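The primary structure of each chain is shown beneath.
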Amino acid sequence: MIRYHILICGGTKCENSDCKGVISALEDSIKHNGLENEIKLVETGCHGLCLSDPNSIIGSLGTVIVVYPDAVTYAKVAPGDIKEIVEEHFINNRPVKRLVYDEAINGENLFSLNETPFYKNQSRIALKSCGIIDPENIDEYIANDGYQALAKVLTEMEPGEVIKTIKDSGLRGRGGAGFLTGRKWEFAADQVSDKKYVCCNADEGDPGAFMDRSVLEGDPHSVVEAMAIAGYAIGADEGYIYIRAEYPIAVNRLEIAIKQAKELGLLGNDILGTGFNFDLNIRLGAGAFVCGEETALLTSLEGNRGEPRPRPPYPAIKGLFGQPTVLNNVETYANITQIILNGAEWFASMGTEKSKGTKVFALGGKITNTGLVEIPMGTTLRKVVEEIGGGVPNNKKFKAAQTGGPSGGCIPASLIDTPIDYENLSAVGSMMGSGGLIIMDEDTCMVDIARYFLDFTVDESCGKCVPCRIGTKRIYELLKKITSGLGEMEDLDKLEILCNHVQTASLCQLGQSAPNPILSTLKYFREEYIAHVKDKRCVAGICKNLLKYIILAEKCKGCTACIQVCPTGAITGEIRKAHIIDQEKCIKCGACEQKCRFAAIIRR
Amino acid sequence: MKKKMTTVNFNGTQEQEAMLAQVIDEYKNVKGALMPVLQKAQRIYGYLPIEVQKMIADGMDVSLEEIYGVVTFYSQFILNPKGEVAIAVCMGTACYVKGSGDILNKISANIGVKSGETSSDGKYSLEATRCIGACGLAPVMTINDDVYGRIKLEEVDEILARYKK
Ligand SMILES: Cc1cc2nc3c(=O)[nH]c(=O)nc-3n(C[C@H](O)[C@H](O)[C@H](O)COP(=O)(O)O)c2cc1C
Ligand code: FES
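So the sequence lines, in the order shown, correspond to chains A and B. Quick note on numbering: the numbering used here labels position 209 of the first sequence as 209, and the sequence is numbered without any gaps. Quick note on numbering: the numbering used here labels position 156 of the second sequence as 1156, and the sequence is numbered without any gaps.
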C-alpha cells in the first residue's frame, strides 16, 4: 500500500536548483530501504513558493518537496538531506524539523502547506493542479477531472450555451486589458467563415512575471483542453500556442501534453466520437515584447516582423491569416474548465462587482516570500504584502508596489489598502497587466525605476509609429538627464507634455501605455524627482552621478586594494591606515566599492 | 532592437549546410514558417551571420531584406557568435530592483567585456537579458547552462573564477 506521496517541484526555479539530484537520491534511498511499494514520487510543476533564503550559498538553493497525506513541506532540500528524510520521516515517522519550511513550523507544531500564511489567503483556480499533479502524465490530469469539461461541452452543450456560460461567469482576459472573454468568443462565433483559429498568448513579456510559465509547466493540459473548448464554441478546428522561446521546460511539457491528448483521441479528428475536430500547433516567439500585443502576435505567427496593425478590424473578425480568431492569455484559458464544470454562478460569486474570480500574481522584488499567489479579486494590496508576502525583509520600509510591468505604474505605500481589481488599479494610475507584482523598498529610486522601464520600451518599440519610436526616446533622454543630476525644473513639465502626446497618438497599447510608469511616479513621488533636480540628491542611493562614495574609517583596514583599482587616482592613504576618496577626482565608477572586501566603501 | 554586426569570420561546415538544407526542405511550403527555420538555423550554427541568412533567403525564396528585417527585430536572433563562456545577467524588473545592474557592471569589469559584446578571442560573451522567469530567485544570471540565483555582489568573482581555466 502506498503510505506517502512525495511531490517534488520540477518548476523552472527548482529545476535550476538540483531537483534531478534530489529525485535520484530519493529513488536510491527508497530502493535501498525496500520502500518501493509504500512511497510514490511525483515530479510536479511549481508549488508557487520560491523559497527565500537570504543566506543561500551559490548554486545550492535546494528543492521544495511536499509529503502527503500530511502535506509536510520541506524547503531547500539538497540531495545530501535525503537519507535523513527517508530514514527519519518515512521509516520512523518523525518529520525532519530542521528542513521544514520555516512558516510551516512553530516550535514543535507542524502545519500543512495549506495552513501557512502564504497559502491560507489564496484561492486556487488557475493554479488548481500546479504542484499537485505530474504535468507529463495525462492520466493524473484525467484523474483530477481533466477533460471532463471538454466531454461535457461536446456531448451536452450547444456552442451558444458554452459562450453564455463564459459570459455569465464574468471572466475577463488575464493578459492585461481585461476584456470580457465570453464577448470575445461571441464575436468570433458570429463570423461566417469556413476557417477560424483559436490562439493562446504565452508570450509573457512583462519582465518580472512568470504566472503563465508556471501554469504551462505545472498543468499544460488545462490550457490544451480549454483551447479545444474555445474551438468548439466558435467553430474553429485549429489552434496555435505562441510561447516564449525562453521557456524550454514549458515548451517541452506542452509538446508532451499535445502528443498524449492526440494519442487518447482528445485532440485531432472526431474527438470523443462527436465529429468535432481540433488540432494544436506550437510556435516559439523570439524575444520581442511587442509580440505580446495581440495583432503583433498574429503578424509574428504569420512569420513576419511582429509589428502591430491598427484595430479595427479586431482579431475576432479578421485575425490570423485574415480569418476570425480568438486570442486569449494562458491564465484566461486555465480558468475555463473550472467554469464549465462548476458553473458560471460559482465563478461569479468570487471577486468584486466587475472583476470576477481570482488573479495570479508573480510576487517578487523586496519581499520575504517570493513566488506565485492566486488571490480573489478585491484582496487588498496590504494583505498581499504583509500577510501572504510576509512583509519587506531586513527591516526596510515598504515604498511602492509595481503592477502591469512597463505598461503599469507604481502604487505608493499610502494606497496600500487599495483592493486589487481591474477598476481600482486603473483608478490609481496603474493597471492589472498580466500579473507581475514587484515590491520596492526605501532603497529603490523611483526616478530610476521610471528610467528603467523607459529604457525597456525604447528598446522594444517596434518602430512602426512615430510617437512611440521617437517619443519614448525623448522621454528616456529627459529621465536620463534627471538621474544624471543635470535636470531642470522645466524638464518635469516637458515630461508630462511628452507623456500625454505619446499616450494619445501611438498606434498600439505599447506606446499608449509606455508613459504610465512616469506619470504614476511623477504623481506619487514628485518630491523625489524634485530632490534629483534641485538638491541633486538621490535619497535611495541609486543614481550614480548624485552619490558620493565614502570610505568608512572604522571599517577600512588600509589594504590599498581600492587605491590600485581606482582609474583616476582619487583614493589616497597609507597601508594599514584608513584611506580617503577625493570627491573632486572621483568619477563614481564604483570600482572601489566592488573591490573592497571589508564593505568599508559606501554610497551616500 | 539595437544590434551589432559581427567581426568574427564565418566558418560554417558542409555538414551544417546539409542540415540547414534539410530544415528548409521541411518547411518550404508551410505557412508562416520563416521563424521556425531561423530558430533551427540558429541552433545549427549558434548564430545567424549574413552568410546563413543568404542561404535561407535562397532556399525559402524570400528576399534577404525581409530575412534581415525579421532577424534584427527579435532579440533572440543573434548576429554574433556567443563566447565559450556565455554569461547572461537578467535585467527583468524583479532582478533589477535587487541590484542586477551592479552585478552586470562588476562582471563586465572582471572579464573586460562590455554588455552585448564578445571578447575578441571568443572566450567570453556578456549579455543583459530579459526576465528568464526565475524571478523568485532574483537576482539571476546564467553562465552557459548553469543558473545562479540570489547572487550577491561579493560572490561574483568566485563564480567567474570557476570558468577561468
Ligand atoms: C505591449 C503589449 C504587450 C502585451 N503582452 C502580453 C503578454 O505577454 N501576454 C498576454 O497574454 N497578453 C499580452 N498583451 C495583451 C494582448 O494584447 C491581449 O489583450 C491578450 O492576449 C488577450 O487575451 P485575454 O483577453 O485573455 O487577456 C500585451 C499587450 C500589449 C499592448
Ligand atoms: S526578473 Fe529576473 S528572472 Fe524574472
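No wet-lab data here; the hints were simulated from the structure. Just so you know, these numbers come straight off a predicted model, no measurement behind them. Hints should not be assumed to be uniformly reliable.
[Stated by the list, open to error] Computed cross-link-like contacts, DSSO-like style, restricted to lysine-lysine with a CA-CA straight-line distance of at most 27 angstroms: (1) K1040/B <-> K262/A; (2) K383/A <-> K76/A; (3) K480/A <-> K1028/B; (4) K318/A <-> K1028/B; (5) K1028/B <-> K588/A; (6) K1040/B <-> K588/A; (7) K1031/B <-> K259/A; (8) K396/A <-> K1152/B; (9) K20/A <-> K1114/B; (10) K464/A <-> K1152/B; (11) K318/A <-> K464/A; (12) K1152/B <-> K557/A; (13) K1114/B <-> K544/A; (14) K548/A <-> K396/A; (15) K1040/B <-> K1028/B; (16) K481/A <-> K494/A; (17) K97/A <-> K83/A; (18) K1031/B <-> K318/A; (19) K548/A <-> K1152/B; (20) K588/A <-> K536/A; (21) K473/A <-> K396/A; (22) K76/A <-> K1152/B; (23) K259/A <-> K1040/B; (24) K544/A <-> K1152/B; (25) K595/A <-> K1114/B; (26) K259/A <-> K1114/B; (27) K164/A <-> K152/A; (28) K1031/B <-> K262/A; (29) K152/A <-> K97/A; (30) K1152/B <-> K397/A; (31) K480/A <-> K534/A; (32) K397/A <-> K494/A; (33) K1114/B <-> K481/A; (34) K595/A <-> K1123/B; (35) K464/A <-> K1031/B; (36) K120/A <-> K76/A.
[As the list claims (entries may be wrong)] Pair ranges (Cβ atoms, derived): (37) R469/A <-> L1153/B: 31 to 39 angstroms; (38) Q1022/B <-> R382/A: 52 to 60 angstroms; (39) K1165/B <-> E527/A: 45 to 53 angstroms.
For each residue, glycine too, the CB sits at the ideal point set by N, CA and C.
Margin query: Which constraints among the numbered hints does this structure fail? Numbers only, ascending.
Written below: 3, 5, 6, 9, 10, 21, 26, 29 and 32
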